[in-house]
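Positions in the sequence shown are counted from 1; adding 39 to them yields the numbering used here.
To be clear, the hints were calculated from the coordinates, so they are not data collected in a lab.
Don't take every hint at face value.
Claimed, not checked - Capping the alpha-carbon separation at 25 Å, the derived lysine to aspartate or glutamate pairs in DMTMM-like fashion look like this:
id, residue 1, residue 2
1, Lys-297, Asp-66
2, Lys-233, Asp-66
3, Lys-233, Asp-375
4, Lys-297, Asp-333
5, Lys-297, Glu-341
6, Lys-243, Asp-231
7, Lys-326, Glu-251
8, Lys-244, Glu-343
9, Lys-233, Asp-355
10, Lys-243, Glu-80
11, Lys-192, Glu-251
12, Lys-297, Asp-130
13, Lys-192, Glu-341
14, Lys-243, Glu-220
15, Lys-344, Glu-369
Stated by the list, open to error - Simulated restraints, written as ranges between beta carbons of each label pair:
id, residue 1, residue 2, range
16, Pro-125, Leu-280, 37 to 43 Å
17, Ala-256, Pro-225, 14 to 20 Å
18, Arg-227, Glu-123, 23 to 29 Å
19, Arg-227, Val-364, 19 to 25 Å
20, Ser-354, Gly-84, 29 to 35 Å
21, Arg-279, Gln-94, 39 to 45 Å
Glycine included, C-beta positions come from ideal geometry on N, C-alpha and C.
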Amino acid sequence: MLNSSKDFRSSSPRWAASPLSRVPVPDLLDQLARAGPRGIEESPGSRAQVELCRQWGFQIQEKDNRFFLPFDSDSLVPVWIEQETPGIVWDRLRVEGFLAIGSTNEEGLARARGGDPGALLIYAETQTAGRGRKGRRWESPPGGGLYFTLVLKPAPDLNRWPLLTFVAGAALAQALIELGESEGFPARFAVDLKWPNDVLLGGKKAAGVLLETACSARGPAVVLGVGINVRPGCVPEELRLRASSVSDEAGALVARRKLLVRFLYFFQMGYSLFENGRHADILENWKRHSSMWDGVPVWIVEAEKSIPAVTCGLSDAGALRVRTVEGIVETILAGDVRLRRSR
40 MLNSSKDFRS SSPRWAASPL SRVPVPDLLD QLARAGPRGI EESPGSRAQV
90 ELCRQWGFQI QEKDNRFFLP FDSDSLVPVW IEQETPGIVW DRLRVEGFLA
140 IGSTNEEGLA RARGGDPGAL LIYAETQTAG RGRKGRRWES PPGGGLYFTL
190 VLKPAPDLNR WPLLTFVAGA ALAQALIELG ESEGFPARFA VDLKWPNDVL
240 LGGKKAAGVL LETACSARGP AVVLGVGINV RPGCVPEELR LRASSVSDEA
290 GALVARRKLL VRFLYFFQMG YSLFENGRHA DILENWKRHS SMWDGVPVWI
340 VEAEKSIPAV TCGLSDAGAL RVRTVEGIVE TILAGDVRLR RSR
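From just these sequences and the hints, can you work out the full model?
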């Protein structure tokens with residue numbers, strides 16, 4: 040049973056998304072966040088924005104023709120995310136929010152192709168066409184998780200850019216472990232990073248990373264998407280044998296914005312390593328949270344066949360090394376690797 044939390048928004052969004060929906064977060068939300076307990080006076084058009092936000096679970100209050108947004112640690116409000124994210128490698132992280140969008144990564148790719156300068160976070164309460172690696176669908180129920188994309192302009196060593204997937208995985212592992220310790224959840228997170236881009240909790244997938252690139256006249260950019268199942272019950276019934284959520288594994292309701300901000304802190308720490316060419320340290324951080332990179336029986340899935348092998352390390356660029364049953368060591372640059380369980 041999950042414990043309750045005063046930071047957790049009690050109502051779920053009452054809204055049905057269509058595949059073409061693209062609904063930006065209303066500017067009113069940032070205005071309310073900045074106003075704090077003073078609130079803002081009702082003005083022409085503000086009532087419609089308030090009702091839209093309420094439909095999405097934001098607990099906007101009103102009194103004497105003024106609106107107020109009580110502070111919490113769960114609500115995804117752009118200005119709160121910007122204020123709470125420490126500046127380590129970015130002077131300022133720009134945050135753009137959507138109540139609904141097709142895919143945050145598609146939005147990020149469009150911004151990158153348009154010459155965005157980077158240090159941009161795009162998030163959504165729901166994605167109607169969220170996707171993971173190889174175009175697989177990523178379930179993004181409204182308000183059920185964290186669905187966001189970072190548009191970045193890293194050091195122009197394109198062959199090393201895939202290491203940012205490892206930066207993101209390790210950052211999420213560190214954020215979950217720290218949050219679990221500081222919040223005292225009933226259950227400890229059993230975090231395990233699965234090559235190359237999955238985050239497992241209790242052996243079940245709870246998050247994934249998707250790294251893509253785009254070019255503009257201003258040069259190439261990284262578009263790094265992250266999807267995290269956060270709320271209890273946000274995983275579809277048919278996937279629950281192999282997928283879970285952060286709150287289900289914690290045994291308590293986990294505040295989404297608090298988790299996002301901690302991820303952004305640890306991601307910046309890893310990004311700093313990347314910018315300074317400390318690639319080996321990035322891989323060491325990742326390996327500390329992974330059980331499968333060495334000495335683990337796996338299946339290498341290629342087209343219609345699965346090849347048995349045993350993992351035997353990572354290359355300097357993060358490729359997975361495996362030893363086949365014939366004793367041949369191969370390097371896997373991309374593809375599906377599944378744990379081979381004994382019967």
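Of the hints given before, which are not true for this structure? The structure conflicts with hints 2, 4, 5, 10, 13, 17, 19, 20 and 21, although it agrees with all the remaining ones.
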